Amino acid sequence: MAALNLKLVIVGDGGVGKSCLLITYNTESFPSEYVPTVFDNYCRSITVDGTPCNMAFWDTAGQEDYDRLRPLSYPQTDIFLMCFDISNRASFENISEKWFPEVRHFCPDTPIILVGTKNDLRTDVAASRCVSWQEGQQVATSLNLPYHETSSLKQVGLKELMNHAVQLGSQSHKRQKKGGSIGKWVPSWLKGKKSNSLPPPPIMPPAGQAPWIEIETSTIADHMTQLLKSGDYSDVTFVVEGSHHVPAHKLVLCSASEFFQNLFGVQSSNKKSKSSKSTPNFASGCAGVAGIEEGTSGTVVTLRDDISLEVFTHVLEFLYSGLPVLTEAPTEEKLTRLTAAAELFHLPYLSQVCDNIIRKEEFLNPSIGTYLNDTTGQKIKELFLNKSELSDISFIVQGTTVHAHKAILTSRSEVMGVMFGGSFSESSSSKVPVTGPSTDVFLALLEYLYTDHAPIEDVGPLDILPLADQYGQTRLISMCELYMTKDVDRDTRESIEKSSTDVIGLLVMAQMHNAPQLSSWCLHFISTNYTAISKRAEFSLLQGENLKHVEEHQWPPVSYLKQVEEYEAMLKEKGHNTDKCVVM
381 MAALNLKLVI
391 VGDGGVGKSC
401 LLITYNTESF
411 PSEYVPTVFD
421 NYCRSITVDG
431 TPCNMAFWDT
441 AGQEDYDRLR
451 PLSYPQTDIF
461 LMCFDISNRA
471 SFENISEKWF
481 PEVRHFCPDT
491 PIILVGTKND
501 LRTDVAASRC
511 VSWQEGQQVA
521 TSLNLPYHET
531 SSLKQVGLKE
541 LMNHAVQLGS
551 QSHKRQKKGG
561 SIGKWVPSWL
571 KGKKSNSLPP
581 PPIMPPAGQA
591 PWIEIETSTI
601 ADHMTQLLKS
611 GDYSDVTFVV
621 EGSHHVPAHK
631 LVLCSASEFF
641 QNLFGVQSSN
651 KKSKSSKSTP
661 NFASGCAGVA
671 GIEEGTSGTV
681 VTLRDDISLE
691 VFTHVLEFLY
701 SGLPVLTEAP
711 TEEKLTRLTA
721 AAELFHLPYL
731 SQVCDNIIRK
741 EEFLNPSIGT
751 YLNDTTGQKI
761 KELFLNKSEL
771 SDISFIVQGT
781 TVHAHKAILT
791 SRSEVMGVMF
801 GGSFSESSSS
811 KVPVTGPSTD
821 VFLALLEYLY
831 TDHAPIEDVG
841 PLDILPLADQ
851 YGQTRLISMC
861 ELYMTKDVDR
871 DTRESIEKSS
881 TDVIGLLVMA
891 QMHNAPQLSS
901 WCLHFISTNY
911 TAISKRAEFS
921 LLQGENLKHV
931 EEHQWPPVSY
941 LKQVEEYEAM
951 LKEKGHNTDK
961 CVVM
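Just so you know, our numbering puts 666 at position 286 of the sequence shown, and the rest follows in order with no gaps.
If you're looking for bench data, these hints aren't it; they were derived computationally from the structure.
All values reported here derive from a predicted model rather than from experimental measurement.
Be aware that a few hints might be false.
What follows is a list of derived Cβ distance ranges for each label pair [claimed, not checked]:
hint	residue 1	residue 2	range
1	T780	E674	29 to 37 Å
2	T780	A720	41 to 49 Å
3	M892	E594	15 to 23 Å
4	N406	F919	32 to 40 Å
5	T676	S747	39 to 47 Å
6	S875	D489	28 to 36 Å
7	Q514	S774	34 to 42 Å
8	S914	T815	49 to 57 Å
Calculated pairs, SDA-like style, for lysine to any residue (alpha carbon to alpha carbon, straight line, at most 25 Å) [as the list claims (entries may be wrong)]:
hint	residue 1	residue 2
9	K759	H783
10	K878	S810
11	K866	K609
12	K554	E741
13	K761	S810
14	K942	I583
15	K767	P835
16	K866	C400
17	K534	S552
18	K609	E741
19	K759	K866
20	K714	E741
21	K534	E741
Cβ atoms here follow ideal geometry from the backbone N, Cα and C, with glycine treated the same way.
Between the sequences and the hints, there should be enough to build the whole structure, so can you do that?
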């Protein structure tokens with residue numbers, strides 16, 4: 381049996397999940413990042429009820445900027461999916477007000493399925509905002525359409541929807557073939573014309589995908605390991621095997637272990653953190669510790685003689701980075717001694733790491749390390765971020781004192797390392813004035829340095845990006861880049877020309893502050909939305925290489941626009957009313 385060639389077009393407001401639906405169905409994987417659609421195509425061979433079909437999926441842009449261009453995707457369509465987001469009532473209302481009238485105007489006989497997307501959000505959104513199943517079904521009934529609901533994230537309802545679409549599309553295909561119509565789509569204003577009087581419209585070239593924004597891999601574990609090795613700004617020394625002196629940092633140890641919180645008298649929870657003035661009192665209840673005293677350069681902790689330097693070094697590696705640095709094949713004896721030390725210092729996850737190695741399941745250990753890096757980050761934020769506890773440096777930001785710790789700052793930022801370790805005035809000062817950023821923005825940077833996470837959504841990526849660049853935080857820059865692209869996507873869902881977002885200004889900012897991914901993304905966005913953005917006031921600010929790139933990559937390309945003009949002129953010459961031929 382020969383396969384049917386079917387064309388499916390998906391329409392609906394911007395951001396309702398059209399692209400996610402098609403991508404998830406065709407790849408069986410939910411896209412990790414949202415890529416805004418201009419016009420895109422997918423192909424897949426499927427079999428429904430024993431009938432093989434070659435499906436062409438046409439994705440469209442929902443913004444009003446493309447209202448004159450989008451219908452060029454409609455010729456020869458066998459089935460439409462008309463989508464709304466169940467958590468967005470405006471998109472639901474636009475089904476009756478915009479999408480159904482538009483599709484029926486150009487394709488009066490082509491079947492349509494009404495689709496409510498993102499139904500996994502129904503329990504997460506206030507009931508008054510969420511479209512119920514009954515409301516969706518009521519509108520579908522009033523428009524004489526079948527109704528489906530889907531969740532691309534949960535991959536629910538997609539197969540049932542597409543099977544139904546194929547069934548309706550194949551029936552439409554057979555009716556049109558039997559009826560001998562011109563292609564599969566005839567605008568109402570051209571019905572009755574001779575078939576040779578209707579040449580097909582120009583083929584729309586693909587716009588291409590927007591560049592992906594990649595978040596850099598975390599390096600906090602490497603930074604903490606290097607801090608341990610260097611011993612810079614240490615405030616505690618461990619005496620191991622009677623003669624070996626190992627420098628370390630209380631804030632790291634206390635953040636990673638309740639044992640060391642007790643040893644150094646640092647309180648957690650919501651209580652005010654404070655170090656005990658009589659730390660020896662805590663040592664009496666800490667197994668493995670022979671003695672503790674305050675020296676001229678910090679606290680000195682003497683360990684029991686049966687704890688070896690090698691084993692304790694691995695314990696510290698675990699506390700700093702989440703995993704001990706072991707040889708490829710550590711002996712069972714070493715693992716046994718390390719497990720004993722883990723029990724001594726109350727480190728159950730270190731015991732689990734050793735057990736995984738013994739069981740030949742060490743592939744599980746990286747996830748333990750990642751988890752511990754996050755939990756240690758949460759604890760260091762609670763105990764030490766902008767706290768005077770163990771602080772050895774303060775910043776004055778907009779008249780506010782912000783407490784910090786050189787050990788963290790210098791290990792996480794080369795700029796900070798040079799600032800405090802070189803010949804700059806900051807190296808000998810306990811208070812450093814900061815000009816430029818607000819207190820909230822500067823604290824967001826510190827939170828990232830301490831925890832590897834930042835309150836970007838709360839503070840704003842536009843404000844954080846310049847500071848991240850100033851202090852050489854390329855991973856934080858990539859996080860800001862991702863947030864900014866998502867903000868643009870949200871702000872331009874209805875209209876690009878009328879949006880409050882200045883993408884050209886964002887491009888200039890990205891290039892000024894070493895954000896290459898954002899720069900590439902903005903250039904692509906401007907190029908593929910050329911017609912809408914060229915009407916904005918700031919378009920005149922596009923200059924030099926940026927203007928050259930945009931003009932070279934303009935979409936729709938000039939050649940296509942010329943073909944459309946020629947097509948319109950030809951229709952006028954043949955006496956057709958092009959006012960209803962909605963083209964650019």
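Verification of the supplied hints:
Here the CB-CB span from T780 to E674 is close to 31 Å, well matched to the stated 29 to 37 Å. Taking the beta carbon of each, T780 and A720 are about 47 Å apart, inside 41 to 49 Å as hinted. About 21 Å separates the C-beta atoms of M892 and E594, a value consistent with the hinted range of 15 to 23 Å. For N406 and F919, the Cβ-Cβ distance of about 36 Å falls inside the hinted range of 32 to 40 Å, so the restraint holds.
Take T676 and S747: their Cβ atoms lie about 42 Å apart, and the range 39 to 47 Å holds. A C-beta distance of roughly 31 Å is found between S875 and D489, which places it inside the suggested range of 28 to 36 Å. For the hinted restraint 34 to 42 Å between Q514 and S774, the CB-CB distance of approximately 60 Å leaves it violated. Checked against the hint of 49 to 57 Å, the pair S914 and T815 fails, with Cβ atoms roughly 38 Å apart.
At most 25 Å may separate the alpha-carbon atoms for a hinted pair to count; K759 and H783 meet this at roughly 16 Å. Using a Cα cut-off of 25 Å, the hinted pair K878 and S810 is violated, with the two alpha carbons roughly 50 Å apart. Restraint check for K866 and K609: the C-alpha separation of about 39 Å exceeds 25 Å, so the hint is violated. A threshold of 25 Å between alpha carbons decides the hint, and for K554 with E741 the separation of about 57 Å lies outside it, so the pair is violated.
Taken as a hint, the K761 and S810 pair is honoured in the structure, with Cα atoms around 21 Å apart against an allowance of 25 Å. Only pairs whose Cα atoms come within 25 Å are accepted, and K942 paired with I583 is accepted, the gap being roughly 12 Å. Proposed proximity of K767 and P835 is supported: the alpha carbons are some 18 Å apart, at most 25 Å. About 15 Å separates the Cα atoms of K866 and C400, which keeps this hinted pair within 25 Å; it holds.
The straight-line distance between the Cα atoms of K534 and S552 is roughly 30 Å, outside the 25 Å bound, and the hint therefore fails. Distance check on the hinted pair: K609 and E741 sit about 28 Å apart at the alpha-carbon level, beyond 25 Å; violated. Pair hint K759 plus K866 does not hold up; C-alpha atoms about 30 Å apart against a cutoff of 25 Å. For the proposed pair K714 and E741, the alpha carbon gap of about 17 Å is at most 25 Å, so the pair holds.
Among the hinted pairs, K534 with E741 is inconsistent with the structure: their alpha-carbon atoms are about 30 Å apart, more than 25 Å.
Going down the numbered hints, you'll see the structure goes against 7, 8, 10, 11, 12, 17, 18, 19, 21, while the others check out.
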